[in-house]
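Q: Sequence:
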Amino acid sequence: MKTKSVLIDGRWAGDTGIGRLYKEVMALTPAEADCSFVQSNMGLGSLFSPLMLANEIRNSTVDIFYSPSFMPPLFSKVPFIFTIHDLMHLFYYSKLHGIYYRQVIARLASKAKHIITVSHYSKQQLIDLLGIREEIISVIYNGVDASFLSNSEEISLGRPYFLYVGNRRKNKNIPAMMAAFAAADIPEEFVFALSGKPDEGLDLLIKKLGIEKRVRFLGFIPENELPKYYKGAYATLFVSLMEGFGLPLIESMASRTPVLTSSGSALSEVAGGAALCVDPLSVEAMKSGIEQMVNDRIFYQKCVEKGFERAGQFSWETTAQKTWDLILS
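Residue 984 is where the sequence shown starts when you use the working numbering, and the numbers rise one by one after that.
The set of hints was computed from the structure by calculation and includes no laboratory data.
Heads up, the beta-carbon is just placed ideally off N, CA and C, and yes, glycines get one too.
Wrong hints could be hidden among the right ones.
Subject to a maximum C-alpha distance of 25 Å in a straight line, what follows is the list of computed DMTMM-like cross-link-like pairs (lysine to aspartate or glutamate) [unchecked claim]:
(1) K1096 - E1007
(2) K1006 - D1186
(3) K1096 - E1137
(4) K1196 - D1186
(5) K1305 - E1015
Derived Cβ-Cβ restraints for the label pairs, each shown as a range [stated by the list, open to error]:
(6) L1140 - G1295: 23 to 29 Å
(7) G1295 - N1042: 25 to 31 Å
(8) I1281 - S1029: 49 to 55 Å
Working from the sequences, and respecting the hints, build out all of it.
A: Below, the structure written as structure tokens:
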């Protein structure tokens, strides 16, 4: 394959889902890719990012531009490829975010050589909501790190725990999961453990539900510790209202820890029949799911086995290879 010079928006490196994708793709950069990187330190959320990227491209001599996330250049003298993980900005951010996505991102996206997205659910949203042509969209699933599949160490909290890993955005549906946990007819020894620190809103809800002694906040969980938390958990709760993919789903299943997740958005697609999927709008459905996880040991064990098998179908090596194949084609 002929060598191509590739300009990459490396500002996305960091401890996020997008940062994980970027890290894994870059770790498997093929010899045929001669990479250079955007020099600007402009904030990722800046409305001027498309203009900045256009200027970076104009001042370069590259063959193609690649970004691991949703920000395309305003104009480009070379083909460009970028990833749109989801359309959360249209539903769970400000009205301005929605306008910007529809009027700027969608129009610039139509000029891309190719757009990568992370699920067929997100692909259909791009077609239906942004009017992007199907033929320029490819689905490349995220992967799961081998450390989750091979890890045998686990964190003990002294009590069995349901685990939530992620941020606190509205789409994550944390208040509903917490209400379902509080209402579930399960032994009092079970706790709900969440990554991150408590906040005022959750503190008030926890007190209202009377579960102060049954909720634990784990603070920031370092990447190398995350497999141990999944491994130590009784089950993972990840019943989001909307996800483009949902890394915690496959990371938990790879750790042989069952998952209660959503029947909506991309989560049931990624679960592939290996997790318990319930209506994210129904606290009662979540409550019943939690009870089934605790009270039906045969079902629980089937979730362990099917989840581990399903997680084995996702790899960062495949993600990176398919991404570079598109970039270098």
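Q: Evaluate each hint against the coordinates.
A: Verification of the hints:
no.: 1; hint: K1096 - E1007; verdict: 22 Å, holds
no.: 2; hint: K1006 - D1186; verdict: 35 Å, violated
no.: 3; hint: K1096 - E1137; verdict: 44 Å, violated
no.: 4; hint: K1196 - D1186; verdict: 12 Å, holds
no.: 5; hint: K1305 - E1015; verdict: 14 Å, holds
no.: 6; hint: L1140 - G1295: 23 to 29 Å; verdict: 27 Å, holds
no.: 7; hint: G1295 - N1042: 25 to 31 Å; verdict: 44 Å, violated
no.: 8; hint: I1281 - S1029: 49 to 55 Å; verdict: 53 Å, holds
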